[in-house]
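Asks: Sequence:
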Amino acid sequence: MILSEAEFHEASTLGEASEMLAKFGSEARLMMGGTDLLVDLKKGRFRTSHIVSLNRIASLRGIAGGNDGVRIGALTTLSQLARSSAIKERFPAVLDAVREMATPQIRNLATVGGNIASAVPCADLPPMLMVMKARVTLWSRSGERILPLEAFFTGPRQSVRRDDEVLTEIFIPHSPARFGAAYARFSLREANAIAVAAVAAGVVLGEDGRVREARIGLCAVAPTSKLVEAATLLVGQALDEVSIGRAAAAAVEASQPISDMRGQADFRRALVDALTRRALVTAGERAQAEERRSSPVH
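FYI, the numbering for the sequence shown is 703 to 1000, going by my numbering.
Source of the hints: derived by calculation from the structure; they are not laboratory data. Please read these numbers as outputs of a predicted model, since none were measured by experiment. Even glycine gets a Cβ: it sits at the ideal position worked out from N, Cα and C. One or more of the hints may lead you astray.
[To be verified] Simulated crosslink set (DSS-like; lysine-lysine; CA at most 30 Å straight-line):
(1) K725 <-> K745
(2) K744 <-> K725
(3) K790 <-> K725
[Said to hold, decoys possible] Cβ-Cβ distance ranges computed for the label pairs, FRET-style:
(4) A967 <-> I808: 26 to 32 Å
(5) E791 <-> I848: 20 to 26 Å
(6) E909 <-> K725: 54 to 60 Å
(7) E909 <-> E729: 53 to 59 Å
(8) F748 <-> L797: 43 to 49 Å
Could you put the whole structure together from the sequences, leaning on the hints where they help?
Replies: If you want it as structure tokens, here you go:
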């Protein structure tokens, strides 16, 4: 296979990118790292007449911590995310997802923004970031829109991003005390394999050890990355085998898996059950560990 014929453009500023998008409209495709886009073009999943690269826009790179959270530029690579001291110290659960993604060579090119903007149902970062209440910024000449990440996706490879908008930033707010999160994933190989199913979980424990807040995110088992609303079943409960079992059943009910070459729908449902249990147990252990670290020494 060969890449479809397309004219390549490089924007140096968001203004230039906006001009190109306005000029070419729906005939243009934005490129960040290109690890998804170029493969899709080569395999003929879609065709385009114009590729607009954002890689020269320096303002879209970098990770900046603040009093309210951390801001991640859309062109930040997965390798840069994994090396970030701000992520390691304040959001270590994000590394659960990053470590599972592709090979080191791909992680050196693939971007955080691209993993989200491509809106593929099996992308690893979105469910993990959802349970951490991440928000995305969409920029256009008419202004910015800031959305919770779970509101970004509308279908397989579809999102609310308009043709004239650029995803510029991902913001993760600081987590409350006694918060823990985890990502559990199953794939057919140990490396460079797309997830057959994956589950992210985040919990906040009260001083009495009961769940005060909970989020569960699904990957590769629905048309989009999605939150499981029934995670609220955990609120007010001890995080034990019974409550975790109820939450896992709710996650299975919320999933919408398909059957394909990587796994049958029933197999994926079984995986959702097992992975939800694993992610919640690990999230709870991390929340308890966080509580012990933050408790004063007597």
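Asks: Indicate, hint by hint, whether the structure satisfies it.
Replies: Here's how the hints hold up against the structure:
1. K725 <-> K745: 26 Å, holds
2. K744 <-> K725: Given that 30 Å is the threshold and the Cα spacing comes to 24 Å, the pair holds.
3. K790 <-> K725: Not OK: K790 and K725 at ~41 Å, beyond 30 Å, violated.
4. A967 <-> I808: 26 to 32 Å: Holds, since A967 and I808 (Cβ atoms, about 28 Å apart) stay within the stated range.
5. E791 <-> I848: 20 to 26 Å: Holds: the Cβ-Cβ distance is about 25 Å, inside 20 to 26 Å.
6. E909 <-> K725: 54 to 60 Å: 58 Å, holds
7. E909 <-> E729: 53 to 59 Å: Holds, since E909 and E729 (Cβ atoms, about 57 Å apart) stay within the stated range.
8. F748 <-> L797: 43 to 49 Å: 32 Å, violated
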